[in-house]
Amino acid sequence: MSRSWMRLRSLRRSAYRQVGNLAKIVTDVVCPFCGTLCDDLEVALDDSGEKILEVYNACAIGAAKFLHSQAEDRLTRPQMKQEDGSWKEVTYDEAVEYTAQMLIDAKKPLMYGWSSTSCSAQSVGSELGEVVGACMDNTATVCHGSSLIAVQDVGIPSATLGEIANRADRVVFWGCNPAHAHPRHMSRYSIFPRGFFTGKGSKSRKMVVVDPRRTDTAKMADIHLQLEQGHDYELLSAIRVAIRGEKLPKTVAGIPAETIYEVAETLKSGRFAVIFFGMGVTQSLGKNHNIDIAIAVTRDLNDYTKAAIIPMRGHYNVTGSGQVWGWQFGFPFCLDLSRGFARYNPGDSSSNDLLIRDEVDAAFVLGSDPGAHFPVGSVRKIAQMPSVCIDPHITPTSAVSKLHVPVAFVGVEVGGCAYRMDNVPIETRKVVEPPEGMLTDEEFLTMVLKRVKEMKGAA
Amino acid sequence: MTDYIIRNGFVYDPVLGINGDIMDVAVRDGKIVDAGDVTKATEIDASGMTVMAAAVDIHAHVAGPKVNVGRNFRPEDKLFNCNVGSGVKRMEAGFSVPTTIRTGYLYARMGFGFSMEAAMPPLYARHTHEEIVDTPIIDQGALPVFGNNWFVLEYIKENEVENTAAYIAWLLAQTKGYGVKCVNPGGTESWGWGMNCETVDDVVPYFDVTPRQIVDGLIAANEMLGLPHCMHVHGNSLGEPGNYGVTLDTLKIAEGHKPNNEFGRESVLHHTHLQFHCYGGESYASKSFESKSKEVMDYVNSTDNITFDLGVVTLDETTTMTADGPFEFHLSHMNSLKWANTDVELETGSGIVPFIYNPKTFIAGAQWAVGLELGLLVKDPMKAYVTTDAPNAGPLMRYPRVYKWLMSAKAREDMLNNVLKYGDSIRARCYIGELDREISLYELAMMTRAGPAKTLGLGHMFGSLKAGLEGDVAVYPYNPESDTDDPEKIEYAFGNCATLIKGGELIIKEGEVVSNGRQKRTFWVNAKTNENPVVERDISEKFKRYYTVTQNNYTVEGHHYMPNPYVIEVDATK
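Chains A and B, in that order, give the protein sequences. So the mapping is simple: this note's numbering equals the position in the first sequence, first residue as 1, plus 52. So the mapping is simple: this note's numbering equals the position in the second sequence, first residue as 1, plus 456.
Please keep in mind that the hints were generated in silico from the structure rather than gathered at the bench. The structure displayed is predicted, hence computed values, not measured ones. Note that the Cβ used here is the ideal one computed from N, Cα and C, for glycine as well. One should not assume that every hint holds.
To be verified - Straight-line C-alpha distance at most 30 Å; calculated DSS-like pairs for lysine-lysine:
{"no.": "1", "chain 1": "B", "residue 1": "Lys545", "chain 2": "A", "residue 2": "Lys258"}
{"no.": "2", "chain 1": "A", "residue 1": "Lys508", "chain 2": "B", "residue 2": "Lys965"}
{"no.": "3", "chain 1": "B", "residue 1": "Lys965", "chain 2": "A", "residue 2": "Lys252"}
Stated by the list, open to error - Pairwise CB distance ranges (calculated):
{"no.": "4", "chain 1": "A", "residue 1": "Ile77", "chain 2": "B", "residue 2": "Glu992", "range": "58 to 64 Å"}
{"no.": "5", "chain 1": "B", "residue 1": "Ser542", "chain 2": "A", "residue 2": "Met272", "range": "42 to 48 Å"}
{"no.": "6", "chain 1": "A", "residue 1": "Asp274", "chain 2": "B", "residue 2": "Thr1011", "range": "36 to 42 Å"}
{"no.": "7", "chain 1": "B", "residue 1": "Trp649", "chain 2": "A", "residue 2": "Phe244", "range": "20 to 26 Å"}
{"no.": "8", "chain 1": "A", "residue 1": "Glu317", "chain 2": "B", "residue 2": "Pro661", "range": "51 to 57 Å"}
{"no.": "9", "chain 1": "A", "residue 1": "Asp410", "chain 2": "B", "residue 2": "Glu773", "range": "34 to 40 Å"}
{"no.": "10", "chain 1": "A", "residue 1": "Gly185", "chain 2": "B", "residue 2": "Val659", "range": "54 to 60 Å"}
{"no.": "11", "chain 1": "A", "residue 1": "Glu485", "chain 2": "B", "residue 2": "Glu992", "range": "54 to 60 Å"}
{"no.": "12", "chain 1": "A", "residue 1": "Glu141", "chain 2": "B", "residue 2": "Pro1021", "range": "39 to 45 Å"}
{"no.": "13", "chain 1": "B", "residue 1": "Asn986", "chain 2": "A", "residue 2": "Asp274", "range": "46 to 52 Å"}
Isolated chain A, as found in the complex (with noise of 0.2 Å):
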């Protein structure tokens, strides 16, 4: 079925839904789901350019979030929790001034996420939490943070996804389930596809999968390595001996030594391996030492062929939060910018831990939904402070908290710079108009900014 039938086919359902609407066909369009950011999604609008009918290339998690903005019941203007529970609908003016207020008479707030908006939003961002002096944190926090860390120890030697499509021909996923959470990933970059020097796609290739549960990704490996639970740090130091040639116990976590002198001359063997590891590794028993390991397996190769390690970024830009941060103020999370410079101490600066120990009075989230993500115990302090949430949705965060912003989707209704999970930045295209009158989040953040100003200068 050839696919400009199926687009046909598609767009006559959409059709039947609109009758009378032809469609427009956006393309290269960039999809702000997850940190695999895939550039070439087309995008089928109605006549008027203002209604999505379908979403081409994407998987179904990226396809789902253009159709979600166009939801009917969608929430198009700020609403404030009244004492009685239920929500009033109040002014974008009006929600500037609750969070201005709210940012100067806090103590330390904690403006928290960044992961799900464009660099600019975040740009201005940093410079709202330098000014009312708050620790910052973004979505690491609670996933690659570990990652962040282990590259502070030890480096990274990494490659962009198409060095991994052109060249790799020995592919680790150790932790990581890329068929349900990065699901265009093995097409798009790492499995399947064509590339200068692996001509022949997944036959070029050598799948590993690491992973003590029998995931979709697993069940397409050429080894899948099962190992015990918790026991990845193990694991991965027995290779780096089973490379160097040295002896191994019978078994390593669960895995017998001959397995692993396998995998590990597997790996030698190739002309250019790359490791991707996701949050199996990076937020189980061990955490960024399981990266520090993993690192050190990818410099040790280094020493017999090409090798490359590169983490599955979850959010779509999460990782052009860190880089901003980094440029502005030289930490890639957990910063504390409540003396006037920034400090990084995770464990101390980071978000969970604030909130758990007390230390912050006001919680600022934005592009993230720590309502759902964080353990009930930091979710319920947020409940207890002045918060406010800035989401195009309706989350557990914004329902936890005292004023929820709606905005323009980013990517969707508003462009702006997306970094992908290799760092590679992209620039996302805006698709249709956001509803009349809706503020973006770097809107918000600029009113906010202004008005913070005001109020510090008259004070």
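The hints should help you fit chain B onto chain A, whose structure is shown.
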């Protein structure tokens, strides 16, 4: 816009031939004007101080992906190295890899008006531009890297200079780049397979071209386009003992090439951080290693189409970063510190490793000597530009210290006698002990202003106080008559300018930053070429098959990447 008149300073301007005369300098509507042409100007008293056009940096790594890896993976670089924001100033942090905010303030305090980011991976151009936008005050441009680019390798293999030129013009427009940078030609592509090109005649795997062909082809294409800047090369075998032969081979490729441009540029090849490329001997040990700066400078002095920058080692703990991926791998094995690397599809690669130039070792002292020797052996200072290849040989903030060493034999003696542990071996293995030349303020103005501006093709805007040029003026608290007693005064003065006017705006007033600058610009070069269907087809083909972004998503466009662009138009259609 306020007009300014800077009164009674000692003025140095090699373009106008002014050598320390006491005179007034005036700025009106953002441009330099004759002092008699301003009437209601704000007066700035510069009596007893040195006045120069703002400085121009031809080569520094201050913005972009590898710089940011350096920041993010070295939290220790910020320890005891930060400033609290106050007044208009935002918070600053970082020593060897400062934040963009600090980079802007550092340049301002050192009296700079323009800086060229030395290596921009094209696929990461947006990142470089985002950092440039967040670097206050100074004007900037960025050089995309071409020396390992698959298009370039393929065209040059077939001797297709015209296609190479068309591709360069296309890429400059896509990435908003300024000129042609070439890092370890062929070597970084080889590094895609864990290999390297160590001489100009090593063959690049699969692509079957040599570094010699790449450098030659890029020079030819650069001059065919008539770009403002010449081909800017970091040669093969950087940092290797005995590499000076490779360096001479690289420099000699310029023979037979003539500059072709409308910007007054005379060089066709700029060799950057030449210090790293002038080593003799077979190892870093004092029994073997020797300086070959004289041998290289004898050649450079005999040519008229080559320029270079020094890349002086400042004996600090710093962060090395380069598109020379195999070199950083090699370095990480030498010092066993953390190593970051990023290979970039179809284009380039890069590596980052922290490095300590320890004055208690022979080799660091010898490297320090080699860099200074180059500046002291050059006959025409218009060819030699002061850099530290920041942050590779030393942090940006050490420029004034390098000026001190160049300007004072006493300061160098002090280093050899009291600071460097192996001063005597360094005298024996290098030329530094034989050189008593002291660079004058007039020569310093050539090496930091007039020279780099000319070689960047920006002599019509920067580097001089000639009427009509940009209103970029720096006043340093240094009295050339009475402050010559103590070389430390040089270092202090050039790191703490009393006044900086940038584009006609007062940025530093009485030594304090009073503005973040309202008109910071990003420079890029738009070279128009004839339509070239072959190159267009090749580009489209490569994007469809081998890039992981689409061709339409490759172009850097949008206000947020370049709120204030300055486009230099070049017509290469003739």
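Hint by hint, here is what the structure shows:
1. Lys545(B) <-> Lys258(A): violated, 53 Å
2. Lys508(A) <-> Lys965(B): holds, 25 Å
3. Lys965(B) <-> Lys252(A): violated, 65 Å
4. Ile77(A) <-> Glu992(B): 58 to 64 Å: Violated, at about 23 Å.
5. Ser542(B) <-> Met272(A): 42 to 48 Å: Violated - the Cβ-Cβ distance for Ser542(B) and Met272(A), about 57 Å, lies outside 42 to 48 Å.
6. Asp274(A) <-> Thr1011(B): 36 to 42 Å: holds, 39 Å
7. Trp649(B) <-> Phe244(A): 20 to 26 Å: holds, 22 Å
8. Glu317(A) <-> Pro661(B): 51 to 57 Å: violated, 23 Å
9. Asp410(A) <-> Glu773(B): 34 to 40 Å: For Asp410(A) and Glu773(B) the Cβ distance comes to about 39 Å; the hint holds.
10. Gly185(A) <-> Val659(B): 54 to 60 Å: Given about 58 Å between the Cβ atoms, the range holds.
11. Glu485(A) <-> Glu992(B): 54 to 60 Å: violated, 33 Å
12. Glu141(A) <-> Pro1021(B): 39 to 45 Å: holds, 42 Å
13. Asn986(B) <-> Asp274(A): 46 to 52 Å: Given range 46 to 52 Å: holds, Cβ gap about 51 Å.
The structure does not agree with the numbered hints 1, 3, 4, 5, 8 and 11 stated previously, though it agrees with the rest.
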